[in-house]
Amino acid sequence: MPANKKYLAESSGQKIVSLFNGFIGGYLLSQSFHLLFGLFFDEVNVIVVSVFTMMLVWPTFMVLAFLIKPRWLCSLIYFGSSFLIMSIAYNL
Amino acid sequence: MILNNRLHNISLNLHTVSGVILCVILFVIFYCGAFALFKNDIAAWEERVDLQKELPSGTNLLDDVYHNLQNKGNYQNREILIFQFEDKSNFKLFVAGDSTYKREFFHFTDRLKERPNYTSLNDLLYHIHYLRPIPIAGIYIAGIVCLLFVFSIITGVLVQLKKFFKDFFLLRKRKKRLTFLKDSHVALGVITLPFQLMFAVTGGVFCLLLILIIPQVLVQFNGDTSKMEKYFEDVPATVESLNKPLHFNELSSFVNEFEMENEVSLNYLRIYHFGDENMQLLMAGRKDEVDSEIKSLYQASTGVLVEHYSNEEAALFEHVNNWLSDLHYANFGGVAVKFIYFILALISCVVFYSGGLLWIETRKKKLKRIDFYFEGIIWGLIVAVIFSFLMRYWVASVTTLFYGVWILWAVLVFVIGGNKYVRISKLVALALTLIFLTHYFLAEDFNSIHKLTIPFMCIAAMVVFILYQQTALFNIKKTQTTRTNKE
Numbered sequence: 001m002p003a004n005k006k007y008l009a010e011s012s013g014q015k016i017v018s019l020f021n022g023f024i025g026g027y028l029l030s031q032s033f034h035l036l037f038g039l040f041f042d043e044v045n046v047i048v049v050s051v052f053t054m055m056l057v058w059p060t061f062m063v064l065a066f067l068i069k070p071r072w073l074c075s076l077i078y079f080g081s082s083f084l085i086m087s088i089a090y091n092l
Numbered sequence: 001m002i003l004n005n006r007l008h009n010i011s012l013n014l015h016t017v018s019g020v021i022l023c024v025i026l027f028v029i030f031y032c033g034a035f036a037l038f039k040n041d042i043a044a045w046e047e048r049v050d051l052q053k054e055l056p057s058g059t060n061l062l063d064d065v066y067h068n069l070q071n072k073g074n075y076q077n078r079e080i081l082i083f084q085f086e087d088k089s090n091f092k093l094f095v096a097g098d099s100t101y102k103r104e105f106f107h108f109t110d111r112l113k114e115r116p117n118y119t120s121l122n123d124l125l126y127h128i129h130y131l132r133p134i135p136i137a138g139i140y141i142a143g144i145v146c147l148l149f150v151f152s153i154i155t156g157v158l159v160q161l162k163k164f165f166k167d168f169f170l171l172r173k174r175k176k177r178l179t180f181l182k183d184s185h186v187a188l189g190v191i192t193l194p195f196q197l198m199f200a201v202t203g204g205v206f207c208l209l210l211i212l213i214i215p216q217v218l219v220q221f222n223g224d225t226s227k228m229e230k231y232f233e234d235v236p237a238t239v240e241s242l243n244k245p246l247h248f249n250e251l252s253s254f255v256n257e258f259e260m261e262n263e264v265s266l267n268y269l270r271i272y273h274f275g276d277e278n279m280q281l282l283m284a285g286r287k288d289e290v291d292s293e294i295k296s297l298y299q300a301s302t303g304v305l306v307e308h309y310s311n312e313e314a315a316l317f318e319h320v321n322n323w324l325s326d327l328h329y330a331n332f333g334g335v336a337v338k339f340i341y342f343i344l345a346l347i348s349c350v351v352f353y354s355g356g357l358l359w360i361e362t363r364k365k366k367l368k369r370i371d372f373y374f375e376g377i378i379w380g381l382i383v384a385v386i387f388s389f390l391m392r393y394w395v396a397s398v399t400t401l402f403y404g405v406w407i408l409w410a411v412l413v414f415v416i417g418g419n420k421y422v423r424i425s426k427l428v429a430l431a432l433t434l435i436f437l438t439h440y441f442l443a444e445d446f447n448s449i450h451k452l453t454i455p456f457m458c459i460a461a462m463v464v465f466i467l468y469q470q471t472a473l474f475n476i477k478k479t480q481t482t483r484t485n486k487e
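Order-wise, the sequence lines are chains W and S.
Under this note's numbering, the first residue of the first sequence carries the number 1, and numbering increases by one thereafter.
Under this note's numbering, the first residue of the second sequence carries the number 1, and numbering increases by one thereafter.
Bear in mind the hints are in silico, worked out from the structure with no lab data behind them.
Glycine included, C-beta positions come from ideal geometry on N, C-alpha and C.
Misleading hints may appear alongside valid ones.
Unchecked claim - Stretch-level coverage of chain S by chain W, calculated; a stretch enters the list once three of its residues show a Cβ under 8 Å from a Cβ in chain W:
#: 1; region: 13–24
#: 2; region: 142–151
#: 3; region: 211–217
Unchecked claim - Partial list, computed: chain W residues near chain S (C-beta under 8 Å):
#: 4; residue: Y7
#: 5; residue: L8
#: 6; residue: S11
#: 7; residue: Q31
#: 8; residue: G38
#: 9; residue: L56
#: 10; residue: P59
#: 11; residue: M62
#: 12; residue: I85
Stated by the list, open to error - Pairs of lysine-lysine residues, derived as DSBU-like cross-links and limited to a Cα-Cα distance of at most 35 Å, are as follows:
#: 13; chain 1: S; residue 1: K227; chain 2: W; residue 2: K15
#: 14; chain 1: S; residue 1: K364; chain 2: W; residue 2: K5
#: 15; chain 1: S; residue 1: K162; chain 2: W; residue 2: K15
#: 16; chain 1: S; residue 1: K364; chain 2: W; residue 2: K15
#: 17; chain 1: W; residue 1: K6; chain 2: S; residue 2: K227
#: 18; chain 1: S; residue 1: K366; chain 2: W; residue 2: K5
Modelling step: build the complete structure from the supplied sequences, incorporating the hints.
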């Protein structure tokens, strides 16, 4: 009952890209998500709550990184939006 | 949903890959962690074994610990954190370091002898639980394992998404070994899903706390982490030290007063400016509920209550910390909750075990002997744990013995091999359990529920695994679906 190969990543390069997106990009994106919340709520409270929401959000992004079809789009969404949010949060 | 087939296959692949990486390591973590739930009871039992007698109940040796520290010298004016075990005969002490002194750590027993650190069985099991024996990187590896565990749980749910309820009630026991493994993996996985998710999240927080929050702290406070530190620190002392020694004799009466007045039991005690005129005592106590910690700060010389912090006044960080640690350590609801945790942890172990076997079973032809490593590590651990419990009656430090038996038993699989190995391991583990229990029942008188926890653990561990194994093997006998014996 192994998974059908048709739907999986073809080369190891693609797997590494997905893993990189999920691990690094997912980390940055989930951090910037919390930074975004920090703009609207008390920063300290957001940081404190983030200790456990990070553990849920980060792996979710890791899964999503394998599901979003064109991998460059996934990289673009993850890194682009996280840098956008981070620059906003940092300058405000 | 158009993605449905793709979603199923991709998540199945991810679940398989992450599961194969994790199954053995998670088995070790959960099995040792299950025993570490009753760490205090094991510690008390080890004390009884070492002493050959029982302590008089209600003895409070806190004052002796204090005097012992004072006589040792060198601790004047420093900050000391004391954890007291439930039976009040064991203490853990942390002495804070500063520019001139190093951080120190002691473990006091009732004989007021300093026990060499980390040699007892309870410490050993607890340390393996978060992979401490691996130097430096151990706790981070455990953190990454937690992270991948959440990943694995999410993908596992995605795999089952379409037939979540249908498959949950399905157990084709007599068809094939593979279907039995799959059905039991799904059913037990769904039962323990919230429990496992809770452990993955809380455990990950304990291991990776800094990595999880540091970028936000740096951004929100413009790189000044000291602003954040004050939110994470305990209640500070309100006065400076005077550099005058103080004759102090009534630490335990302070603790008793604190416990009586607030109807709590002491969680920890923090001494500021040890042995100084301005010594202050911070006591934290908790009830038998989730997130119920209260704190009081006393001036030692006068006995005045300086400040009191009720649970409502606690900062959000305290609440989050209390919730996470209470959920993880099962600090609420008494022994009954710990029993439930223990059973659920063992069932989680069965889930990892059946998951690993599933992977092996489908790839057995390609990867020869891969199941030997798997079975070897798992049954080696099971035998080593019960063996060190038994040997603890005669040997004071079982660390070497534990690892020795684990490795030996793991290597033995290459000698015996296959099903025969599992059967022999099962018998040996069962025999060791019976010998241990006989010894235990002869040595103890059962005047508190805490003395029942160790037999409970041993029996439960054996029952769960042998029941599961027996069902799996029963299958083979019935249907003659051979699990090739590679001899």
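Hint check:
Counting residues of the region 13–24 of chain S whose beta carbon lies closer than 8 Å to any beta carbon of chain W gives 3, which meets the minimum of three for the stated coverage. Figure legend: the region 142–151 of chain S, annotated as covered by chain W; annotation consistent (5 residues with Cβ-Cβ distances under 8 Å, at least 3 required). For a cut-off of 8 Å, the count of residues in the region 211–217 of chain S with a CB near a CB of chain W stands at 5, and the three-residue condition holds. The beta carbon of Y7/W is positioned within 8 Å of a beta carbon in chain S (closest approach about 4 Å), and the interface hint is therefore held.
Because the beta carbon of L8/W sits about 5 Å from the nearest beta carbon in chain S, less than 8 Å, this interface hint is met. About 15 Å separates the beta-carbon of S11/W from the nearest beta-carbon of chain S, more than 8 Å, and the hint is not met. Interface restraint check: Q31/W against chain S, minimum CB-CB distance 5 Å, threshold 8 Å, status holds. Using the Cβ-Cβ criterion of 8 Å, the hint placing G38/W at the interface with chain S is satisfied: the shortest such distance is roughly 6 Å.
At about 6 Å, the closest approach between the beta carbon of L56/W and any beta carbon in chain S falls short of 8 Å, and the interface hint on this residue holds. Among the interface hints, the one on P59/W holds; its C-beta lies about 4 Å from the nearest C-beta in chain S, closer than the 8 Å criterion. Interface restraint check for M62/W: the shortest CB-CB distance to chain S comes to about 5 Å, inside 8 Å, so the restraint holds. For I85/W, the shortest C-beta to C-beta distance to chain S is roughly 10 Å, which exceeds 8 Å, and the interface hint is violated.
The straight-line distance between the Cα atoms of K227/S and K15/W is roughly 41 Å, outside the 35 Å bound, and the hint therefore fails. Distance hint between K364/S and K5/W is fulfilled; the C-alpha atoms sit about 19 Å from each other, no more than 35 Å. Restraint check for K162/S and K15/W: satisfied, since their Cα atoms lie roughly 26 Å apart, inside the 35 Å limit. For the hint pairing K364/S with K15/W, the CA-to-CA distance comes to about 25 Å; that is within 35 Å, so the pair holds.
A hinted pair counts as satisfied when its Cα atoms are at most 35 Å apart, and K6/W with K227/S does not qualify at roughly 52 Å. In summary, the hint linking K366/S to K5/W is supported, as the alpha carbons are separated by about 17 Å, within the 35 Å threshold.
Violated hints, in rising order: 6, 12, 13, 17; the structure is consistent with all others.
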